[in-house]
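I would like the entire structure built from these sequences, with the hints used as guidance.
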Amino acid sequence: MLLLLCISGHRLYAQADIDEAGKLLSRVKQTYDSANISFHLKYTYAEADQPNTVTDSLEGDARLQGSNCFMTLGNIIFFRNQSYNISVFKEDKLIMLGRPSTLSKEMQLPSDQISTALHQAGVTACRLLRNHQLTTIIFEYSRESPCRRMEITIDEATSLIREVVTQIPQPLSPEESVTTRGSEQYIMIRTFFTAMKTEQPNDSIFNEKMFFTREGNVIKPAAAYADYQIFLASPNI
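Here the sequence shown stands for residues 0 to 236, numbered as in numbering that gives the first Met the number 0.
In case anyone wonders, no lab produced these hints; they're calculated from the structure. Incorrect hints may appear among the rest.
Keeping only pairs whose Cα atoms sit at most 27 Å apart, straight-line, the calculated DSSO-like set for lysine-lysine is [unchecked claim]:
id: 1; residue 1: K89; residue 2: K208
id: 2; residue 1: K208; residue 2: K92
id: 3; residue 1: K196; residue 2: K28
id: 4; residue 1: K89; residue 2: K219
id: 5; residue 1: K41; residue 2: K196
id: 6; residue 1: K41; residue 2: K28
id: 7; residue 1: K219; residue 2: K208
id: 8; residue 1: K196; residue 2: K208
With beta-carbon atoms standing in for the labels, derived distance ranges [stated by the list, open to error]:
id: 9; residue 1: E214; residue 2: E143; range: 44 to 54 Å
id: 10; residue 1: P99; residue 2: T135; range: 24 to 34 Å
id: 11; residue 1: D202; residue 2: A15; range: 38 to 48 Å
id: 12; residue 1: D91; residue 2: I204; range: 15 to 25 Å
id: 13; residue 1: E46; residue 2: N216; range: 43 to 53 Å
id: 14; residue 1: G59; residue 2: R26; range: 20 to 30 Å
id: 15; residue 1: K89; residue 2: E143; range: 32 to 42 Å
id: 16; residue 1: I204; residue 2: A225; range: 18 to 28 Å
id: 17; residue 1: S25; residue 2: N130; range: 19 to 29 Å
id: 18; residue 1: T197; residue 2: D91; range: 32 to 42 Å
Don't be surprised by glycine CBs; every beta carbon is placed ideally from N, CA and C.
Okay, here's the thing in structure tokens:
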């Protein structure tokens, strides 16, 4: 239903693809909502008109247990459980502490990317490409949308995402906005999910006390982060 509402009013797609995409993404979302898995992830960045020329990359590892997440990405740790969303910036010796609703934009897990695809306004096209057990859902968005195109490749045997490709406008300075008006450039971000492994439930991995302790109304870094500063990103922590 969400997908139909997003695309309502446009005619550059097949109704069968919309229905199939909605069913497939629903199955994938259910899989991640109850998953106990670990995987390696890698982001690559390139200009959309030169997709094979990688200009930057970032990689790390993630552990999911339902909606709980522990992910390392470069020198940053992203953590989420039922009560807290925590980002640890090792180079800055900073812990950012918030509630799950204040999820960092950098922490885009597979289930988060599904939500983005479904809720992103301005969808103008949707189609599916199949290659054996892999299915790629392609969304195209209007020029006014923050995302121009998104491709989600799913392994239908496991209902897990293998790759996500997004195209977003390249940020421009005020001067560049004037000189390049009408010739907008796009960045291609590819996210690869590999080394998928089923794990046994382990609640200790998702205990926020490894990052901070509380004494009354005072929040302090845990011993492993004794020289870190804590920034409260949400009220009523």
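Hints and how they fare:
1. K89 with K208: holds, 17 Å
2. K208 with K92: Holds, because 17 Å separates the two Cα atoms, which is no more than 27 Å.
3. K196 with K28: Holds: K196 and K28 sit about 18 Å apart, inside 27 Å.
4. K89 with K219: With Cα atoms ~16 Å apart, K89 and K219 stay inside 27 Å; holds.
5. K41 with K196: holds, 16 Å
6. K41 with K28: Roughly 21 Å between the alpha carbons, so the hint for K41 and K28 holds.
7. K219 with K208: holds, 10 Å
8. K196 with K208: holds, 26 Å
9. E214 with E143: 44 to 54 Å: Between E214 and E143, where Cβ atoms are some 49 Å apart, the hint holds.
10. P99 with T135: 24 to 34 Å: holds, 30 Å
11. D202 with A15: 38 to 48 Å: Taking Cβ atoms as reference, D202 and A15 lie about 43 Å apart, which means the hint holds.
12. D91 with I204: 15 to 25 Å: Since D91 and I204 have Cβ atoms about 24 Å apart, the given range 15 to 25 Å holds.
13. E46 with N216: 43 to 53 Å: About 49 Å separates the Cβ atoms of E46 and N216, which means 43 to 53 Å holds.
14. G59 with R26: 20 to 30 Å: holds, 26 Å
15. K89 with E143: 32 to 42 Å: At 37 Å between Cβs, range holds.
16. I204 with A225: 18 to 28 Å: At 21 Å between Cβs, range holds.
17. S25 with N130: 19 to 29 Å: holds, 21 Å
18. T197 with D91: 32 to 42 Å: About 35 Å separates the Cβ atoms of T197 and D91, which means 32 to 42 Å holds.
Taken one by one, the earlier hints all hold for this structure without exception.
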